[in-house]
Structure formats: C-alpha cells, structure tokens
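Could you build the full structure based on these sequences and the hints that come with them?
Here is what each chain is made of, one letter per residue.
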Amino acid sequence: MKFIRKFTQKTRTSSNRNRDENHQGSAIDDGHRPLDTDLDINIKRFREETGNSPDLKVRQFELGSNPQIRVAAIYNEGLVDQPQLNEFVIQPLMLSKDRGRLSEASGEQVFHFLRNHALPVGEVDTVENWNEVMNTVMDGNTIIFIDHFPVAIGCNTSGGEWRGIEKPTTELSIRGPKDSFNESISTNISLIRRRIKSPNLWLEMYRIGEITHTDVAIMYMNGIVSDQIVEEVRQRLTGIKVDGILQAGNIEQLIEDQTMTPFPTVYNTERPDLVSRYLLDGRVAIIVDGTPFVLLVPALFTQFFVASDDYAQRYDISSFIRLLRYASFLISLLGPSIYIAAITFHQEMIPTPLLFSLAATREGVPFPALVEALLMELSFEILREAGIRMPRAVGQAVSIVGALVLGQAAVQAGIVSPAMVIVVSITGIASFSTPAYNLAVSARLIRFVLMILAATFGFYTLTLAMIVLVAHLSSLRSFGIPYLSPYAPFQMDDQKDALVRLPLWMLATRTKAINKKNIKKMEPSGHSMLKKQNNRPEGERHEE
Amino acid sequence: MRSRSLLMILCMALLLLTGCWNNRELGTLAIVTAIGLDKGKNQNEHVFSFQVVNPSAVISGTVGQGDENMGPVTVYTETGETLFEAARKASQKAPRRLFFSHVRYIMIGEQLARQGINGVLDSFERSNEIRLTARLVIAKGRTAQEVLAIVTPMEKIPATAGVGALEFSEELWGESIKIEFDDVIRAIGNPGREPMISAVELLGNPRAGQRVENIQLTKPDVIEKIGGIGAFRTGKLVGWLEGEQARGVNWLHGSLKSSVLMVDCDGKKDQVGIEITRSKTDIQGKVVQGKPQITVTITEEASIADVKCAIHLSSPAVIYELANKLEDKTMLQIMSAVKAAQQYKTDIFGFGEVIRRADPKAWGHLKLDWPDRFSQLPVEVKVKAFIRQPGMITEPYLLKRDKKVRNE
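Protein sequences, first through last, are from chains S and D. Numbering (this note's numbering) for the first sequence: 1 to 544. Numbering (this note's numbering) for the second sequence: 1 to 408.
Hints are computed from structural coordinates only; laboratory data are not their basis. Just so it is clear, the structure is predicted and the values come from calculations on it, not from any experiment. Be aware that one or more of the hints could be misleading.
[Unchecked claim] Keeping only pairs whose Cα atoms sit at most 25 Å apart, straight-line, the calculated SDA-like set for lysine to any residue is: (1) D:Lys89 <-> S:Ser379; (2) D:Lys39 <-> D:Asn118; (3) D:Lys268 <-> D:Met335; (4) S:Lys241 <-> S:Glu204; (5) D:Lys280 <-> D:Gly391; (6) D:Lys93 <-> S:Gln347; (7) D:Lys178 <-> S:Ile350; (8) S:Lys197 <-> S:Val411; (9) D:Lys178 <-> S:Met349; (10) D:Lys236 <-> D:Gly254; (11) D:Lys236 <-> D:Gly391; (12) D:Lys93 <-> S:Leu203; (13) D:Lys93 <-> S:Gly364; (14) S:Lys57 <-> S:Met138; (15) D:Lys89 <-> S:Met138; (16) S:Lys57 <-> S:Pro120; (17) D:Lys329 <-> D:Ser258; (18) S:Lys241 <-> S:Ile224; (19) S:Lys167 <-> S:Met138; (20) D:Lys41 <-> D:Ile9; (21) D:Lys178 <-> D:Ser336.
[Claimed, not checked] Stretches of chain S that chain D covers, calculated by requiring three or more beta carbons in the stretch to come under 8 Å of a beta carbon on chain D: (22) 342-349; (23) 502-516.
[Unchecked claim] Computed spacing ranges between beta-carbons, pair by pair: (24) D:Lys89 <-> S:Val470: 45 to 51 Å; (25) S:Val449 <-> D:Glu85: 41 to 47 Å; (26) D:Asn118 <-> S:Ser474: 53 to 59 Å.
Every residue, glycine too, gets a C-beta built ideally from N, C-alpha and C.
In structure tokens:
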C-alpha cells in the first residue's frame, strides 16, 4: 500500500510542478509569494490563511544549541498517517543523536541537515512558496518550517481512513472477481495495476477543481490505445475549469460528446476487471478521487450490454444471455407502448381469444389505456425511487404498500386492468436486466415519450419514433468513435463480440472500431493448433 | 432559434390536437364474431345479424367476476340493402361500435342462398375490417339469425364452436369443406369454377337454443351439426352434395386430410374400416378434337382401423386385396361427387380452370357453354392406394378364435 501511495504521490507532485510552471507565465497571484525567513511570521500567516482551523496542527520545537534553531511541523490531523508522522518525523527531529552537529548552524545548514540526514521518510520535497505549502498540507503531508530560512521541507506522511475494498454493489456477477473500487484513487489505481502488470500501463495525473483540487488520473495501455483518443481526453480534462469536482459523474457530464441525448456516451463501472478488460481493448480509464466508479471512454452502445460474467461463462450461455439482454432492453423501451397501440388502434392484430380476455379485463376500467398505463408506470417509478432513497429500516413498509396498492388493490378496485399490471411488471423487470444502470435509465425516459406517441397514432408513430431513435443513435459519437459501431458502420470482425459472444479463441482482434494499431490480441491459430496436436497420432509425432 | 422552437411546439401540438385519430378504446367496441345474412321481406332487402361477444360473460374469473347470467353473445339483427348500411343502422340498438376485424364466420340463410348471393358480398370484401379468411357457411333449412343465436357447449362463443366443428369435421371425417370468404369471391369471378359452401344444420328446436340453460344440460336440446356441401350456379344455391358425394368433393378439392372408409370382406358389406392417413390429388385436363377430358389421379395412404371379419392381415395378398377394394371405393365416391355436380351443371371442382390451363385456345370457345359441356364431361379417375399399417395388432382376434377352434 505504502509503495503505491508513494508512487502516486510522486506523480502528483511532479504534475503539480508542471502546473505551477505553467502558471508562472500568467499574473503572479498571491499564492506564489515566497516564504518569509522568520518562522513566527510564517506560522502567523499560515494560521491567518487557514482561519485558525484547529485540525491544522502546528508543532514547534527547537533544534541544536547555542543558539537554538526553532522549527515547526505543520500538518492536518485527519489526513496524516499518525504513527508514521510520530515515528519518522517528530521523533527524529526531537531525539536525533546528531543534534549536536547543529551548534552554531545557520538556517540553511539546518535545512540541509534535516533534508538529507534527519528525516527517514520515503519522500522529501523542497517547498518554496505558499501555494505549495497549502497543497502539501491539504494532501495530508507535513511541512517543516525552519527559522531564518525561506524554504520549507515537505515530507510525505499522508494517510487517513478509507473504506475498505468491498464486494460490488451495483454490478454483481456470479463467477467474476468480487472486488470493487472504493473512494481512494490510489487504491483504485492499485486494483488495476495488480491486474495488468505491464510497464506499458501508463498513468497521468491531473488536479481538477479550482477549490477542491480533486485528483483525476487517466490510465491507458501505451502501444494499444490510439494517441488521438488519449490526446482528446487530455484536452477535455484540462479544459475543465470549475470550482469543485466531487465525483466522477461531474467529470462525465463535463467531457461527454453530446449533452442533448438520453443515451450515455461515457461508460462507468465499479469493477476493476472490466476496467482492465477495456484498457486492453484500447480504452482510456478516468479515475476520480472520491468516487468508487471509474469512467471509460470511448463508450459504444454494445458495451452497455456486456457484463463481467459474459467472459467468465462459456460462450453459448453468454451469447444467449446477451441476446436476452437486448430483448429485455427492447421490452423495457417498447412494452407499454406496444400494448397501448395494440389495444387502442390495432385490435385486429390481437389474436381473437386474447382480444376477448383483454376486453373482459378492461370491462369497467374507467380510464383510457394511456392514462391507465401512465398511472401504473408513474407509480412504479415512484416506488422504485422510494426504494432507492428510503432508509433500509422502512424498506419493508414500502414494499408491502407498493405491492398491495399497485398489484392487488388497484385491480380489485377496477381502476386498472390486470393485463396492464402484467405489462408494467414485465417492463419493470426487463429494465433491471440491462447491466449498465445509465442505459436502463435512458430506456425508462424514452418509454414515456413512446407511450404518448403510441396513444396518438398507434404503430404508425411508434415506427416513426423508432426510426428517429435509430437515426439519433447512429449520429452519436463517443470521443470520435461512432456510438452504434460495430452495427453502423458495420464492422464484420467486431460482430463476434456484439450481439453474441463467440468462443474466446475466435476473438483474436481488439475492437476494430476503436483500435487502429496493434489489432491482434491473440495468435489466431492458438486454439486450433492445440486441437491438431492433440489429435495427431503418436507415431507421427515421433517422426518430427 | 426562436422560429425553430416555435416549430417544435407546433409539431408537439400536432400530436395532441389530432384527437387521437382512429383511436378506439377496447371498452367502446362490440366485437362481432359472426355475421348472418338472410333474405328480407322485399326484393333486394337483406336481414343482417351480428353476433356480438359479451367479453365478461365469456372469460370467467375476471374482475367483474364474469356475469354467468349474461348470454355469452348477443345477436343484433337489422335490415338493409348492404352490410354497411345495416352495420351503421345497428348502432341504434347496440351500445357500442360494431367492430368487424374478428369476424370468423359468415353464415348465409338457405333461402337467401337459393335466391342468390352475388349482390351482397361486395361490401364484405371492400371493408377494411372484415378479413377475407372468415369462414363461409350456409344455414341449411333455416335462417342464419336462428342458427347464430344458439348457445353452444364447451366453446362459449358460437362462432368459435362453429369454426372448430367445421375444421375438425373436414380434417377427420371429410364430408364438409372449409371455405373461406376469399375462395367464394374468387370462384364467383372465375368462369371455370363455381363456388361451394359447407352447411350447418340445427338439430332440435331453435328457440330452446337461445337460452343459456341449453348448455347447462348434459345433452343439449339444440346442437349444431356440420354436414353437406352446397353447390352454387351463377351465385344461386342449386343443390346439396351429402355423405359420400361430399367426401368426393373434398377429394377432388385436394383438401381431404384424413377420413374413414368401410370396405367389404367375406362377401359382407362394410366390414373393414380403413383410415385414410394421407392423400394426394392430381387433376389433368386435355382437349381432344375439341372435346375436353379430365383425368384425376389420387394417391392415398391408409391404415387399417377396424376389422369385423376373420382375415389374415399378416399376408400381403390380403392387404393388396384390401387396397384394391379401397381404390374401388374411393373411385366410386369421387364419381358420385362428379355425377352429382354434373347433374346440377355446376363446376364446383374447377375443371374448367384445369382445361383453360391445359389448352387456353380451346377454352376460349369452350367457356361459352361450359355448364352444359361440364355436365357431359368425361372424367376418368385413377386411384392408387397403399395400406401401410395394420394398427397396433396384426391379426384380428376373431381369427385367433377360428384358429383355436380348428386346432382342437
């Protein structure tokens, strides 16, 4: 853990330096003022600038003798790793055997002594202006001011509490790995690095948010990913100028290609195994500190129907289940609208016996089909929203009331027909079977529009709406890649892992829509060679 | 930008202001399952009957708890010149709009059939609601409205019951033929073919059949029966083909799927029941010296279903003999159908069409007096029968008894 932390620390500070260099060209703001030589003035100023916040500790002590040189350690109580701070910063400073060497030393000599000899921490930095001081302290590191010297020392002591690595809560799988990301960016990076042990897995760090200074990392496989995409991601990320980035969703909405669409063009997942898979497939991962979801771009429409289990199970069941997901997406999109269109416009299309039972169940229902459907769909949406937000303790109450009101009572009171309850329930269940929550949500939204259209002109408008929808989908791009590929533009090789998933040994190429170079990911003959060797009779093998 | 958003608003208004064109809520529809056609009092006037389903009486266990006291259907009758007129007129009586897309059954009263059906069918074909696949039947000896008003056991909707009986009697017995509305229309428009329509009879007093109590009886007072085929000439019913003749018609029509024929054995009549399992009909025509001829080839496969005499079914010779008898019997039945049709001078088999296809030039003048020529037409019937299975057992038990008697 520590190793990882140090690693990220390094990249972080180095990119800070780059930023600072860039900033020097612009007007010198207050933050870039150098430190004062006097310790008291520095401490006073620090206190003033942080509003005397009591969680920012200033620990003063004296070093050497004759004259004694005063130093002060400044750190944030909650963000530092306390044992580390005590053992490797405070103790050496106060108890060092070499303190005798410091008699009659100047501030500069003390500085060099401390930096080079006294502090047994992995990483020590030179801090020269106030901006750096603040950043260092807010990252959970410790600053050491030295009296009579205008340069401070920053030591890496960051730590503190994070949620542990837990099971995924939104993307469950049966056979796949059971770990998921947490809120710590360094943990998340390590989860990915542990899966891809390659020096070509490159990482870039950014700080986004003028006030929050949120760490944002992008990761990609050098040599696989297209440079254009990485460049595009860099540009969009550095283009963000906003006060605060509090979660990955904020980044997603600021960098997506199209805002005016119900469809997501950025993929997110909480599963490290999926991120690793897509990194190998030439995607760029965007990891945001404080969010247990990692963003992946470019995102294709097909990607939202892929679950981690697809590659854990054998191909036949994976293909079947994937087809099932597409079907249930269509059901969740069109279910109620087809029902409305059929029973208000196209009664001739319903088989006669079914029409009789539908007519019988609708006898006495006081609302037109559309109102009935909207009523049921809306109450279902309310139930769903309540189910997500409510405290766990009252969960039972909501489900009982929901089941009673929506199912039983509404039908018995003759307000809705049983057939409508069936349609709404199937639609609701179908919408849960899309692996990606954000795509399921878009189907939910479009469903309401389609229901109103179906009630105005029946299948005619429904067909028109589907044409418009497909046209819109094919107009979408995600970081320059057509959203609907490999269907449109059609890409034969990518069909192997789109609607169905063919056996793994046939998936010898990376997604062609995204990858232009280094397309091969497997020796295409790998599997068939194996077969040939096994089938060859003994004698023949000896001859070779 | 402003004009664009205005356009958007207008487009949305378009959706809401149309008033849902052609929108028909299910609750406003009276689903018609059968239409009856009868002769009216005046010339050109017809009585139309509409059999409308009461869904909640048909489907049990629904919300309204299915009103058992309500009849499963209600029949509305209305006089009018055409279907369209009568259907609109019926709105004075029916509480809902009549909806014709699920009409499965069109029934014609015998009187009207004899008077002629050519005039009434146009609006059936022209309507965008009525399907061309609706079955057509004749109410034999009755008016259509009487027959349509009968409640039927098992199938609560009489039209469904009728269609079911029509379908299975053709498939299993073969003395009726299911004719779709489309077939009749095409036959009327074709000089080389005349329409034929199966008949429905009522056994019992029709008044009693209109009460729901009729189906509460284990042996209903009134029941429908399919049987016989009506032959038409120039749109008028001219006669019935029944029993073996009707089966012959089915054979010639190529629609015989399965049936049972009885053949003689041991000099006694109709002792062996043979089930036809598969049959293929091939009709060829030719014109020799201006004279048309028809050759019908039937290839049939059969199995033995019922043996009442002691014969050695294990011997191929016996089987061949049975097959020969079956061939003769088949030929007789087909010829009886041909004879009957020739007597009525109505070419319900479409022989004219076969001749036209074989020799279009000759047909040019043959068609002028085709009904007469048809009645004189030489028809040769060739039958090839194969008996494939003796059933689950080979020797009849009567034979075993004979053997034992002999052995003792």
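- Item | Hints the structure fails to honour | 1, 8, 11, 12, 15, 18, 19, 20, 23
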